[in-house]
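J.: Residue-level listing of the chains:
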Amino acid sequence: MNAPARTLPHGRGPQVAAGSIAILTGICAFLIVAIVVILMGIIIWNGGPHVTWEFLTKAPETGMTEGGIFPAIYGTVLLVIVMAIAVVPVGAMTAVYMHEYARGRMVDIIRTAVHNLAGVPSIVFGLFGLGFFIQFVGRGVDRAFFGGQLIWGQPCLLWAAMTLALLTLPVVVVSTEEALRAVPDSYREGSLALGSTKWQTTWKVVIPQALPGILTGGILSVSRGAGEVAPILFTGAAYFLPELPRTLNSQFMELGYHIFVMSTQSVNVDETMPIQYATTLVLLVLTFALNFAAILLRSRTRSKIEQS
Amino acid sequence: MSDSIEMMSEEEQVGSRVNGPARPETLLNIERVRVPDDGRPIDRPVKLASKHLSLWYGPKQALSDVSLEIRNYEITALIGPSGCGKSTFLRAFNRMNDLIPNVRITGQVLLDGEDVYGRRVDVVELRRRVGMVFQKPNPFPKSVFENVAYAPRLSGVKNMGRLTEIVEKALERAALFEEVKDVLHKSALALSGGQQQRLCIARALAAEPEVLLMDEPCSALDPISTLRIEELMRELAKSICIVIVTHNMQQAARVSDRTGFFLLGELIEFGSTDDIFTRPADSRTEDYITGRFG
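Which chain is which? The protein sequence lines are A and B, in order. Take the first sequence: its letter number 294 is residue 294 in our numbering, and every next letter is one higher. Take the second sequence: its letter number 21 is residue 21 in our numbering, and every next letter is one higher.
The set of hints was computed from the structure by calculation and includes no laboratory data. Hints are not guaranteed to be accurate.
Think about it this way: if two alpha-carbon atoms lie no more than 30 Å apart in a straight line, the pair counts; the simulated BS3-like pairs of lysine-lysine are [said to hold, decoys possible]: (1) Lys60(B) to Lys198(A); (2) Lys204(A) to Lys60(B); (3) Lys181(B) to Lys158(B); (4) Lys204(A) to Lys136(B).
Predicted, not measured: the structure shown is a model, and the values here were computed from it.
Isolated chain B, as found in the complex:
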């Protein structure tokens, strides 16, 4: 995490000077499971960025002037109380907000430097590059195989051998293959909640996305399934960029490299997870992390 200190803006450093004279070592008593040197590429360029992004649902402003950079091969966590705009922000990256009527957006969202709201951007293509996993596991009422084969079929893969190859690889990447290899052609709805969520991850991975957006992926799961998903995320971060919205601060602290704290549609603080959870620059961040509100 040598570059994470550079990420802290001058403002935040000033903030931490003002706010924190005598601060405990860690605010949350959490053992960091993440190993800093875990075989991920050291060069981690900016993959996603938002610049002065504001968003309105009708007259109601949901995001105001959010700017941040998300790096490849990293896990970025977005935390904050309910209704703070973190999910809305996440959905700006694959333009899922487009589905809601009366949404207005200003500012920019960049994928590899290209504005995803640009006039010539094909939303379908964008969503193949930026995959998404939802809060509640939502496998289609089809077989396990057909779920994972959904995206490859959309992009025109018809050869059964090739499809099988893609499906198996995606299931393996999602650490699910061993568990489901005998029930590939049975209904996905028969799987457990944790398996269903990993199936949804496999389904997203089958499209070979560059970014995986995860909207509270573990909130409907038990602790063991949650842990498996977290392990999986760290494994996936070796090859792709992951952004996770979570209500669970322990999860953010355990799994992420950088954390952004949202409150009432504003990005209050963004920095390395270590800093956010041990030396937050803003008192509101500290209040939230220590459980004083939200």
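Chain A on its own, in the form it takes in the complex:
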């Protein structure tokens, strides 16, 4: 009995440590849920009552303290449509090149570029858009074709959409690449063995299979783009416009920018509070709906792939 027998650690030290870690991690996780609930609660509570049919269909009135946000909704939708038209084909083609054609180092170089693009702060995209699209491309076009008249060399819908397209390009590239990866190689082999060229195989077999994934990327990019303010700050968004934009070189109002303007630039910030909340609610619902659509589309495609 002299040698001390080896026992399980007694005392409650280890158990308390284990328990407190569980509590600590639990608190962190709970905090996130709580923040989302509080955020949504405040916005819905303050903004909900103001979201009426009139609010959605009317233009702002009397220094933005009354009226609705229709021009901002209209501008946002128009902006993301033009953006999607630009970003989906370019992003999808980039991914097709990366996954189907490029080999070795080339893939790494492109992937690094895409990832870096995703890491650039959005305000930098805004400045780039101003410098490249408006000052360089727009002014250049004006000088070359319109005798220096100011037509494209100013902030407008087209350049804002292009700037946003650059920002959301990685989203489309990544989800298209994922979709291409999910297309079984046996399809490619089968097609090539039938005497089709690489391009025919890609176009007729691979891309149709990847299409839902490409569309998912498109929707995600739209929901991302719809919520960004910084890139359109200098490239096309307007404080207030009496008319809806009619052409690609018009300026436009946008939901996110509208919120920014109301909360910082308006004559009476306090009076616009309810409208700010309501606008925020509309913007959130819009992006959530888009995200939800993307998730649905993606899960449907995934289960389809698993079935085959």
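With chain A held as given, fit chain B onto it using these hints.
T.: Positioned in the frame of chain A, the structure of chain B alone reads:
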């Protein structure tokens, strides 16, 4: 099979003298389903050949110095344990190995005497002449009709009447038409595994190939589907040349006219199927066939 004895090289005959004094009548107890005189052309010229073919995946040699001749209107089986290079060899005939990076090839692969690795050979054209069926049925996620119409569409057939004609003929040749005639425009993925594989055969046949390469076409199928594919192969051998890679020795013995045994990237023995399965010249062939290894 009168000409099959001539195929045995002197070396192999010497081998069989050395190796086989008292040999059982057959090593595998298999009933030969194949009828020797089955309406195929008697004149069976060499269709495919490899000459001193060696192939490397990067530093790893997958084939070393393989030479053999494959005749038209015959079924040639390539057998051997996993990783012996038989599939790699098969894929050399339609240059599917080109898709893998870092593949290096020396020697020649001849189709009708012309080197398929020649500088002026159009790979796309080659693959239309040399069709392929894969291990796992891989119909496209399109309709039955569109699967079979794939190759004709590629070669520019647009007329719907003509396409229908080609599709129906190919499905009939693949002994599938009766089963799918009511679901032609439904998804091919709804078919059973055996039907899918016959659909893949029909899809290959629609391109009017001269050679059909089959890479373990039955390994994912049940015995009845397997039997149907084997019957189909014998029927097809009346008009085209068939090369089949198989893990299943019974299948090779049942269906083929000639058999090649591969081991570690080398062609150990090549001869008439009857000889390979009853009087193998090389002891390694015998060991493999009788199941002592592999």
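J.: Against this structure, judge whether each hint is valid.
T.: Quick rundown of the hints versus the structure:
no.: 1; hint: Lys60(B) to Lys198(A); verdict: holds (27 Å)
no.: 2; hint: Lys204(A) to Lys60(B); verdict: violated (35 Å)
no.: 3; hint: Lys181(B) to Lys158(B); verdict: holds (21 Å)
no.: 4; hint: Lys204(A) to Lys136(B); verdict: holds (21 Å)
Of the numbered hints listed earlier, the single one contradicted by the structure is hint 2.
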